Structure formats: structure tokens, C-alpha cells
Amino acid sequence: MHPGEMKIKAGEIELNPGRETRTLKVANSGDRPIQVGSHYHFYETNPALSFERELSLGFRLNIAAGTAVRFEPGQSRTVELVRFAGKQRIFGFRGEVMGDLNRGENADG
Numbered sequence: 001m002h003p004g005e006m007k008i009k010a011g012e013i014e015l016n017p018g019r020e021t022r023t024l025k026v027a028n029s030g031d032r033p034i035q036v037g038s039h040y041h042f043y044e045t046n047p048a049l050s051f052e053r054e055l056s057l058g059f060r061l062n063i064a065a066g067t068a069v070r071f072e073p074g075q076s077r078t079v080e081l082v083r084f085a086g087k088q089r090i091f092g093f094r095g096e097v098m099g100d101l102n103r104g105e106n107a108d109g
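According to this note's numbering, the sequence shown is numbered sequentially starting from 1.
Quick caveat, the hints were computed from the structure, so don't treat them as lab data. Computed from a prediction, not measured in an experiment: that's the story for all the values here. Where a beta carbon is used, it is the ideal one built from N, C-alpha and C, also for glycine. Each hint should be verified, as a subset may be incorrect.
[Said to hold, decoys possible] Using 35 angstroms as the maximum straight-line C-alpha spacing, the simulated DSBU-like pairs for lysine-lysine come out as follows:
hint, residue 1, residue 2
1, Lys25, Lys9
2, Lys7, Lys87
3, Lys87, Lys25
4, Lys87, Lys9
[Unchecked claim] Across the chosen pairs, the derived CB separations fall in these ranges:
hint, residue 1, residue 2, range
5, Arg94, Pro3, 34 to 44 angstroms
6, Ile8, Phe93, 32 to 42 angstroms
7, Met1, Ala48, 41 to 51 angstroms
8, Gly74, Glu5, 13 to 23 angstroms
9, Glu54, Pro3, 48 to 58 angstroms
10, Thr67, Ala10, 33 to 43 angstroms
11, Arg89, Ala48, 24 to 34 angstroms
Required output: the full structure, derived from the provided sequences and hints.
Here it is, written out as C-alpha cells:
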């Protein structure tokens, strides 16, 4: 092997096998592009993104780590979301959840 050389196995890599997914139609109703990263809690994305927000609670984009999806002003697209793994605790982002998804804790209460 040489410095920088990569040995890549042939075939497709399945993202998040066996995890719950859902598909949502999302529209950018704002006047600026909005980019959402691979591990951003989709429920807490920019309010200018119009979609069935409650269905995205506890989910993120089902795309490769480190990548993002960009929504241009006026653009609609269908995205696939995948449930967060682990302890189902969400903190940060826009501060709308701040707790355990399974117990319904959130910033309001």
C-alpha cells in the first residue's frame, strides 16, 4: 500500500440497514437557500422549510455522513429520513426538544 492509496470493496453500501425510515415532501418557502446536514435533527430545521414537521421528530436525513441536502428558494423535493440511533435523547440544534424523545421531555416542560 502507498500513502494516500485507497482499497475500496466493490458494490453498494447500504446506509442504516434495518433502521426505521420515512419519506417526506419538503418545500423551501423562504427567499434564501437552506442546507441541512446529514446528522441535523430534521424536526428542528429552519422554519422556512414547509413539511409535516411532527413526522420528523427523532429523525435525520438518510444520507452519507458529512453530506447535506440543499433546498433552493421555492424548491420542493422528497427526502428520506432515518430515526436517530442510541438513547433517543436530542439536545442542541434549535433547542426545541432538549431531552428524551421517548418520555416527551422538551424545552417547554
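Now the hints, each set against the structure:
1. Lys25 to Lys9: Roughly 34 angstroms between the alpha carbons, so the hint for Lys25 and Lys9 holds.
2. Lys7 to Lys87: holds, 34 angstroms
3. Lys87 to Lys25: OK: Lys87 and Lys25 at ~27 angstroms, within 35 angstroms.
4. Lys87 to Lys9: Holds. Lys87 to Lys9 sits at ~32 angstroms (cutoff 35 angstroms).
5. Arg94 to Pro3: 34 to 44 angstroms: holds, 42 angstroms
6. Ile8 to Phe93: 32 to 42 angstroms: Holds, since Ile8 and Phe93 (Cβ atoms, about 33 angstroms apart) stay within the stated range.
7. Met1 to Ala48: 41 to 51 angstroms: holds, 47 angstroms
8. Gly74 to Glu5: 13 to 23 angstroms: Given a distance of about 44 angstroms, which is not inside 13 to 23 angstroms, the answer is violated.
9. Glu54 to Pro3: 48 to 58 angstroms: For Glu54 and Pro3 the Cβ distance comes to about 50 angstroms; the hint holds.
10. Thr67 to Ala10: 33 to 43 angstroms: violated, 22 angstroms
11. Arg89 to Ala48: 24 to 34 angstroms: holds, 27 angstroms
In the structure shown, a violation is registered for the earlier hints numbered 8, 10, in ascending order.
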